[in-house]
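Now for the letters of each chain:
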Amino acid sequence: MNGYTNKILIINLSNNSIQTIPTQEYIEQFIGGRGIAVKLLYELTPKNVNALRPENALVFMTGPLTGTLAPSSGRIDVVSKSPETKLLGGANAGGFFGPELKYAGYDGIVVIGKAASLVYIDIFNDEVEIKEAQHLSGKGVFDTVKALRKDDKDTQIACIGPAGEKLVNLSGIAFSMRNYAARGGLGAVMGSKNLKAIAVRGTRGLSIAMPDQLKDIAEKMRERIKNMPSYQEYPEWHYKLFSILESDSKSFFGNYEDTAWKERFEAYENAERFVKRAEFRSETCFGCPLRCWAYINVKDIGGAGIAACQGTLTSLVNFTKAKDFDKIWKAYLLCQDLGLDISGTSAVIAYAMDLYSKGIITNSNADDVNLPYGNGDALISTIKKIARREGLGAVLADGVKKASEKMGKDAEKRAVYAKGGLELWLMEIRPFKAVALSCAVTDSGSHNRATYGLCEFYYKSMRKQAEAVAKNLVGTEKAAIPTKYEYKPKLVAIYENFHILADSLGVCSIPFMPVGLDLWTNAYTVCTGMEATPMNLTTAAERIRTLERLFNVREGLSRKDDMIAERLFNEPLKDGAWKGEVLDKEKFVEMIDAYYSLQGWDHEGKPTQETLKQLGLE
Amino acid sequence: MEKMVVVDYNKCIGCRTCETICSLTHEGRINPAEARINIVKYEEMGTNMPMLCQKCEEPACVAACPMKAITIDASLGAQIDYSRCIGCKMCIMACPIGGVSLHPTNKKIIMCDLCQGDPQCVKSCPQQALEYIDISKLSLKKRREGVKKLARFLEEVTI
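The listed protein sequences correspond, in order, to chains P and W. For the first sequence, position 310 matches number 310 in this note's numbering, and the numbering has no gaps at all. For the second sequence, position 107 matches number 1107 in this note's numbering, and the numbering has no gaps at all.
In short, the hints are calculated from the structure, not lab data. Hints may contain errors.
Listing some non-contacts, in silico: residues in chain P with all C-beta distances to chain W over 10 Å [as the list claims (entries may be wrong)]:
{"no.": "1", "residue": "Pro99"}
{"no.": "2", "residue": "Lys146"}
{"no.": "3", "residue": "Glu219"}
{"no.": "4", "residue": "Thr284"}
{"no.": "5", "residue": "Ala307"}
{"no.": "6", "residue": "Asp324"}
{"no.": "7", "residue": "Asn365"}
{"no.": "8", "residue": "Glu477"}
{"no.": "9", "residue": "Lys478"}
{"no.": "10", "residue": "Ser597"}
Below, a sample of chain P positions facing chain W; criterion: calculated Cβ distance under 7 Å [to be verified]:
{"no.": "11", "residue": "Met177"}
{"no.": "12", "residue": "Arg281"}
{"no.": "13", "residue": "Ser282"}
{"no.": "14", "residue": "Pro289"}
Only some residues are given here: those of chain W computed to face chain P with a beta carbon under 7 Å [unchecked claim]:
{"no.": "15", "residue": "Thr1017"}
{"no.": "16", "residue": "Ile1021"}
{"no.": "17", "residue": "Glu1043"}
{"no.": "18", "residue": "Ala1063"}
{"no.": "19", "residue": "Pro1066"}
{"no.": "20", "residue": "Lys1107"}
{"no.": "21", "residue": "Arg1144"}
{"no.": "22", "residue": "Gly1146"}
Since we're looking at a predicted model, the values are computed, not measured. Even glycine gets a Cβ: it sits at the ideal position worked out from N, Cα and C.
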């Protein structure tokens, strides 16, 4: 086969069985990546199973473009039932693991069962072995990667840190030392299977249907990426993302209580000074010109240098209001090494700091640590405690929602989260009605799996471009205005389809829109040799979206679960560009109705028989 | 030899586009293990170093080859003559920088052939970390870059 390897590994750790199934039968309906992953999850995970039981399937799936010459094609999608939300847990990661897996000859890996003791899966082309990993027990991500790369430095690793071993719901799966399938507690699922790591090395490569045409199309695609307005600035976003968020009026601080924290500029300056004095080199993911990553190393701070992500590094400052960037960098390294979802972890610590400032958490239940906003040392010690489930860390380890339920009514009122209890991601959402809607209706509660890069995002800084995109997608410039409720359900549905296609083809959602569906469709055809049109790929995206919904409905989701934290409806923003903005419950509910009907789901959010029939999902 | 692929590893972001386009061009498929260029990565040190045949003036591979299967083309440097190559791998052992490698499945010796004067890796590099330039101009170019660095330094000193 071309583009695909036509093999998916099915590994049952309970009985050490290793099998493969052909990818082919799933392709037409579900493309690859996220699409096939959710199909396999739906088939293999029994209804209503506890996410941390052996029966829950953990699916790693690449797409047909993963590892090809198509740009930004380093992606792998990971899905499982989430222990944090008890719904579909999905995360998509870049880096180099996905391509290596395909070069070894596999489109994906499904792990079921539970090993009797800690193991790792070692893959070199046809040789797939389950190996004992006791020597890696309790080890951080960095040491685990180094140990498994001892014999071959080109080996790519997916692994969990101590947090995943402790089944912390805020734990993710690390890909080498940098990228993460971070959200939803997938690290805990891996930990529950006693699976420390997957090491993969491949030298078999991929067949391509039309090599010369792929070269031409890939060149055009790279050009479109390099023409993105922000392209030149990308390497500076490790400290400039703060001002980008400011210029789009998306900044938030602490536990979402202000958007114009007075001392923020000092924090931004410290970040800039830190980055400029560091050993700093731009890095990127497989095949991508964008440079979202940079190797950062400052001697004597944190004991390691690694490639860091712009977004999560920034989020640590926004959430905790810590101005000492040395401490922020230490916190970043710790989360990466301990195997934590940085977004969720920073959110839950900000939540604890907020409760501390209100006297709901006191020194006596915070292990005698002073926990005010801005305390970098407390940030660091709390991260360690979360990863080990110690003291206050045990309360916070499973996320904001579960922590709030343990601490009484006053604490519950302060909690902010998306659907299912998943923490929000790096922006204030009250003024951004489409993003807010997506946080309630999307598969996993994660808006960066649904509406990342939505035209609302850059309305303040690039109004003309935002309006042009809105007009092109839903027929009116007005749809770009963040605070408007009209047109937003349609916008969300369209962006979700883009995300699903990016995640299913195995490419990054950031350049997906700028490159355009036309070229991605062409790239699909020249890689696989299969005819495709933007229209039939979009239909496949709708089918995948509906299957995700069917999974959640099967796990007991109903209309009332498509909701975000109450505080976002009753606490207007008290400062900043959007002063006074809050979500209107009535209009929000109307958006949900409209969204359901666009998706062909009934009033309860269940896909109708007619929709299932249309999409071939009966 | 007039022109060569010059690597500026400070510009390399490690995307590996050079590897994929190289194998696609030479093998019609994508496989870094079949590429004539590879980015050698040391993740914990943040280094990305594209490595390929340097087209030496006195190639160790040529000296080591018992079959005289590596010839020196006036403009493209060392090239493999597959009609003579017996796959003994002496060239791989002799090359001091790993510029020669073994195809993982057909076991042929592979090395950069500069795409017959139109190196695809250079064309596709999004960072211009690879350049195909006249060797005689290389040191002059480097000297100019050196002066720029010096100028920056002098500016800092005067301030």
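Hints, one by one, checked against the model:
1. Pro99: Per Cβ check, proline 99 of chain P is inside 10 Å of chain W; nearest 8 Å; violated.
2. Lys146: The claim is violated: lysine 146 of chain P sits with its nearest Cβ about 7 Å from chain W, within 10 Å.
3. Glu219: The assertion about glutamate 219 of chain P is violated, with a minimum of 7 Å to chain W.
4. Thr284: At about 4 Å from chain W, threonine 284 of chain P fails to clear the 10 Å cut-off, so the statement is violated.
5. Ala307: Non-interface label on alanine 307 of chain P violated, nearest chain W Cβ at 7 Å vs cutoff 10 Å.
6. Asp324: holds, 24 Å
7. Asn365: Given a closest Cβ separation of 38 Å, the condition holds.
8. Glu477: Answer for glutamate 477 of chain P: holds, closest chain W Cβ roughly 33 Å.
9. Lys478: holds, 36 Å
10. Ser597: Per Cβ check, serine 597 of chain P is outside 10 Å of chain W; nearest 43 Å; holds.
11. Met177: holds, 6 Å
12. Arg281: Status holds, d = 5 Å.
13. Ser282: holds, 5 Å
14. Pro289: holds, 4 Å
15. Thr1017: holds, 6 Å
16. Ile1021: Interface hint status for isoleucine 1021 of chain W: holds (6 Å vs cutoff 7 Å).
17. Glu1043: Holds - the Cβ of glutamate 1043 of chain W comes within 7 Å of chain P, reaching about 6 Å at its closest.
18. Ala1063: Not OK, violated: alanine 1063 of chain W not within 7 Å of chain P, min 29 Å.
19. Pro1066: violated, 27 Å
20. Lys1107: violated, 12 Å
21. Arg1144: Since chain P brings no Cβ nearer than about 23 Å to arginine 1144 of chain W, farther than 7 Å, the hint is violated.
22. Gly1146: violated, 20 Å
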